[in-house]
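Last residue of the sequence shown: number 468 in the working numbering, and the count goes up by one each step with no gaps.
Be a bit skeptical, because a hint or two may be false.
To be verified - DSS-like, lysine-lysine: derived pairs with alpha carbons at most 25 Å apart:
id : residue 1 : residue 2
1  : K457      : K444
2  : K467      : K457
3  : K444      : K459
What the hints assert, rightly or not - Computed Cβ-Cβ distance ranges for the label pairs, DEER-style:
id : residue 1 : residue 2 : range
4  : N434      : E466      : 44 to 50 Å
5  : K462      : D437      : 36 to 42 Å
6  : R432      : R461      : 42 to 48 Å
Source of the hints: derived by calculation from the structure; they are not laboratory data. Here a beta-carbon is modelled for each residue, glycine too, at the ideal position from N, C-alpha and C.
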Amino acid sequence: MILPLSHQERLNGNDYLKNSAKSRIFWVRLGIDFKEKERKEFNEKR
Numbered sequence: 423m424i425l426p427l428s429h430q431e432r433l434n435g436n437d438y439l440k441n442s443a444k445s446r447i448f449w450v451r452l453g454i455d456f457k458e459k460e461r462k463e464f465n466e467k468r
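Can you make the complete structure from the sequences, with help from the hints?
Dropping the structure here:
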C-alpha cells in the first residue's frame, strides 16, 4: 500500500518531532544524572 506523498511526509514529520522530543528529554535526564554524580563525588572529596 503506497500512501500519497503529502500524507507520508506528515507521518514522517510527526515521527521526527516525537523522536527529537524523546531524545531531548533523554539528554536532559542524562545531564541531570551526570551533574548529580559529580556533585556527590565533589562532596565526598571535601
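Against the structure, the hints come out as follows:
1. Only pairs whose Cα atoms come within 25 Å are accepted, and K457 paired with K444 is accepted, the gap being roughly 20 Å.
2. At roughly 15 Å between alpha-carbon atoms, K467 and K457 fall within 25 Å of each other, so this suggested pair holds.
3. Of the supplied pair hints, the one linking K444 and K459 holds, its CA atoms being roughly 23 Å apart against a limit of 25 Å.
4. Between N434 and E466 the CB atoms are about 48 Å apart, so this pair conforms to the stated range of 44 to 50 Å.
5. The supplied range of 36 to 42 Å is met by K462 and D437, whose beta-carbon atoms lie about 37 Å from each other.
6. In this structure, R432 and R461 meet the distance hint of 42 to 48 Å, their C-beta atoms being roughly 44 Å apart.
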